[in-house]
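**Student:** Using the sequences and the accompanying hints, generate a full structural model.
Next come the chains, spelled out residue by residue.
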Amino acid sequence: MAELFFWPALLFYGEAAVGYLGEARHPGTAGRAATWGVRLGWLAQTALLVYQATREGGFPWGTWAGSLNLFVWLVVTAYLIWGCRRSFRLLGLTVMPFAVALLVVARAGGGTGTGSRSQYSNLFLVLHVGLVLVAFAGFTLAAGLSALYLWQERRLKRRETTILRRPAPSLATLDRLALRTVWVSVPALTLGIAVGIVRLIADGDRIDALVAATVVTWVVWAAYLVLRSVGGWTGRRAAYLALAGFLLVIVVRLALPATHFA
Amino acid sequence: MRLVLVGTSHHHAPVELRERVALDREQSAALAARLAEGGCEAVCLSTCNRTELYVACADPESAERAAVAALAELEPAVEQALYRLRDQAAGLHLFRVAAGLDSLVPGEGEILGQVRAAYETGTTGMLLDRLFRQALHVGRKVRAQTAIAESPASVSSAAAALAEQVFGDLEGRSILLVGAGKISELAARNLASRRANIAFVANRTLDRANELASRFGAEPLPLEQLGEELVTADLVVSSTSSPGFVLDAATVAAALGRRRGRQLLLIDLAVPRDLDPAIHDLDGCYLYDIDDLEAIVAETLVGRRREAERAESMVAAEAAKFHEWHASLDVVPAIASLRARAEEIREAELRKADGVLGRLDESQRRAVESITAQIVNKLLHLPTVRMKQAAAAADGVVYAEAVRHLFGLGEDER
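Note that the protein sequences, when read in sequence, are chains L and D. First residue of the first sequence? That's 584 in my numbering, and the numbers climb one at a time after it. First residue of the second sequence? That's 139 in my numbering, and the numbers climb one at a time after it.
Among the hints, a few may not be true.
Looking from chain L toward chain D, a few residues come up when the C-beta cut is under 7 Å (computed) [what the hints assert, rightly or not]: (1) 739; (2) 744; (3) 745; (4) 748; (5) 753; (6) 754; (7) 756; (8) 814; (9) 815.
Derived CB-CB ranges, DEER-like [stated by the list, open to error]: (10) L:791 <-> D:421: 38 to 48 Å; (11) L:633 <-> D:310: 37 to 47 Å; (12) L:833 <-> D:379: 17 to 27 Å; (13) L:734 <-> D:382: 28 to 38 Å; (14) L:767 <-> D:310: 22 to 32 Å; (15) L:795 <-> D:448: 53 to 63 Å; (16) L:823 <-> D:459: 52 to 62 Å; (17) L:706 <-> D:310: 41 to 51 Å.
Source of the hints: derived by calculation from the structure; they are not laboratory data. Small disclaimer: the values here were computed from a predicted structure and weren't measured. Here a beta-carbon is modelled for each residue, glycine too, at the ideal position from N, C-alpha and C.
**Tutor:** Okay, here's the thing in structure tokens:
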């Protein structure tokens with residue numbers, strides 16, 4: 584049954600990724616088709632997650648791959664907030680190929696199926712993992728916005744003649760939205776880490792590599808906020824910093840085991 | 139009623155000729171009223187690029203002669219530059235005009251308002267009402283369903299659109315104008331129409347700066363103070379006649395430190411250039427000169443022309459619809475007569491059979507009424523459809539005459 588939801592989700596996301604590529608070359612129909620692909624894929628993936636949660640008696644993020652599946656859903660959800668607007672379509676070019684790749688990885692790791700009981704029905708863990716994943720999805724979106732900023736800035740610097748024909752959000756909008764997204768995500772990560780540390784202390788566990796990497800990620804994104812608010816960092820410098828922070832998100836999500844609680 | 143178009147446009151006449159046949163709103167209304175005398179309809183569309191007379195009349199020859207004479211009265215030389223179109227071709231032409239496909243810049247938006255104004259001041263009846271309403275619909279549809287009107291078509295609008303690429307909404311953005319000439323004013327108007335704040339006007343002579351600044355509620359500045367105001371400005375538009383740079387990279391670089399990373403867009407509309415090209419290399423600064431903007435406009439025109447190809451098929455489809463409707467006017471009286479005659483026969487036959495039918499109860503009588511009406515309808519359905527089709531294919535009048543002859547429909551019904 585899970586297959587019935589997984590494959591449409593993957594196909595629609597894939598169609599969206601290709602569609603946004605077409606949109607970058609010739610704005611119009613491809614972009615509209617891509618936006619519908621994201622919407623339909625998101626519905627299919629939502630159905631998959633609901634099905635998994637129902638079958639496993641809790642949220643399906645007990646495994647590394649399962650949490651990756653949820654992470655993709657959160658990233659696409661965050662994207663959908665702006666992505667359906669015409670001028671933001673090209674943001675899909677940075678977000679959707681990434682979402683497709685991660686969904687494939689999640690499937691390879693068994694995160695899109697059912698069969699085991701969820702170990703994460705406990706509210707404490709739901710809060711911890713949920714908040715961290717929400718924050719990481721926000722950082723991913725902020726990185727996408729920053730990448731689009733750098734692309735748009737490069738077009739302006741190169742004085743591309745097509746700049747008015749291929750609609751993209753303005754530099755000021757991209758910069759502002761990236762900052763807002765990080766303003767929401769950093770508090771979420773702070774809370775998520777705090778909840779995790781309380782649990783860690785209560786269980787008498789030790790800090791592992793995942794905790795350390797997550798804290799470093801928090802430091803980088805908190806520095807992003809400080810430098811932007813106090814240091815006057817905007818534009819290109821802030822965008823590069825966001826991409827550096829996103830690299831840490833990748834390391835935490837993909838290179839380290841996602842679970843450290845038994 | 140036949141449709142006649144007589145006119146001239148930028149394709150056929152130079153501006154020296156066009157300006158002599160250009161009419162204002164009142165003159166257009168008066169000419170339309172004059173041409174409509176004697177049971178005709180007329181609309182006069184006069185813009186800087188065209189003067190066209192649309193006349194709907196039973197006698198197209200005399201309508202055309204009257205329209206040509208009316209324009210020749212204004213300027214005899216225009217007669218050589220006139221085009222004359224009839225019926226379907228005239229309708230298609232107006233649809234293309236309303237869609238902006240016949241304009242100098244494809245898809246330009248002003249023409250739609252001008253077509254509306256011409257329609258409002260015309261002397262219209264059934265045919266021109268339908269024609270102009272459909273033309274306005276086509277104009278709106280083409281602009282809504284294609285990207286023909288999305289990109290800027292002039293250097294000053296390209297500059298404003300470029301500013302939107304950097305800042306998004308321009309409302310409240312601070313604009314610094316350098317130079318107080320016509321080009322600066324044009325750019326300022328464009329930016330002000332997008333609710334940007336024209337904050338400063340810097341000029342070598344303060345009097346002229348004062349004059350332009352007062353029109354936009356801005357502050358006049360001597361050129362020497364330019365560097366200080368760069369700290370607060372978002373967009374600098376320069377168009378002086380200075381032989382050298384009025385703003386160098388070092389001055390801009392000095393201001394950047396106090397801008398806290400805010401982007402600065404500089405538009406140099408002057409030849410020779412006012413702004414040091416090295417400014418573009420500074421972080422957060424984007425400098426566009428007149429060549430850059432013209433290249434952008436040229437590119438957007440390519441895009442407009444591409445969209446115009448899509449728009450042409452939409453316009454052709456609408457013109458075909460109009461033609462069908464117009465042609466059906468030839469056969470509608472014949473169809474109406476035929477149906478009336480059939481109904482007359484049906485009712486007469488029912489009356490004749492009243493002695494027999496009188497014995498039927500109410501529901502049985504209604505059934506007989508219904509069945510006979512259905513027979514008549516079914517018999518006439520195909521001839522009606524075929525006549526409408528024939529009308530669209532230009533055989534409508536022949537078919538209508540044949541029907542009148544075959545069914546003995548009276549001349550008075552025409």
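**Student:** Now tell me if each hint is right for this structure.
**Tutor:** Status of each hint after checking the structure:
Interface hint status for residue 739 (chain L): upheld, as the beta-carbon distance to the closest one in chain D is roughly 5 Å, under 7 Å. Taking 7 Å as the C-beta contact cut-off toward chain D, the hint placing residue 744 (chain L) at the interface holds, the least distance being around 4 Å. Hint status for residue 745 (chain L): holds, given a least beta-carbon distance of 6 Å to chain D, under 7 Å. Below 7 Å, beta-carbon pairs count as interface contacts, and residue 748 (chain L) has one with chain D at about 5 Å; its hint therefore holds.
The interface hint given for residue 753 (chain L) holds, since its Cβ lies 4 Å from the closest Cβ of chain D, which is under the 7 Å cut-off. The closest approach between the C-beta of residue 754 (chain L) and any C-beta of chain D is roughly 5 Å, which is under the 7 Å cut-off, so the hint is satisfied. Annotation: interface hint on residue 756 (chain L) holds; nearest CB of chain D at approximately 4 Å, less than 7 Å. Hint status for residue 814 (chain L) relative to chain D: violated, with the closest Cβ pair at about 9 Å, above 7 Å.
Because the closest C-beta pair between residue 815 (chain L) and chain D is about 4 Å apart, less than 7 Å, the hint holds. Checked against the hint of 38 to 48 Å, the C-beta distance between residue 791 (chain L) and residue 421 (chain D) comes to roughly 41 Å, which is consistent with it. Between residue 633 (chain L) and residue 310 (chain D), the C-beta spacing of about 45 Å keeps the proposed range 37 to 47 Å intact. Checking the proposed 17 to 27 Å range against residue 833 (chain L) and residue 379 (chain D) shows it is violated: the Cβ atoms sit about 55 Å from each other.
One distance hint, 28 to 38 Å for the beta-carbon pair residue 734 (chain L) and residue 382 (chain D), holds here, with the actual separation near 36 Å. As the Cβ distance of residue 767 (chain L) to residue 310 (chain D) is approximately 26 Å, the hint placing it in 22 to 32 Å holds. In this structure the hint that residue 795 (chain L) and residue 448 (chain D) lie 53 to 63 Å apart at CB holds, the actual value being about 57 Å. A hinted range of 52 to 62 Å holds for the C-beta pair residue 823 (chain L) and residue 459 (chain D), which are about 56 Å apart.
Separation of residue 706 (chain L) from residue 310 (chain D) is about 46 Å and conforms to the stated range, judged on CB atoms against 41 to 51 Å.
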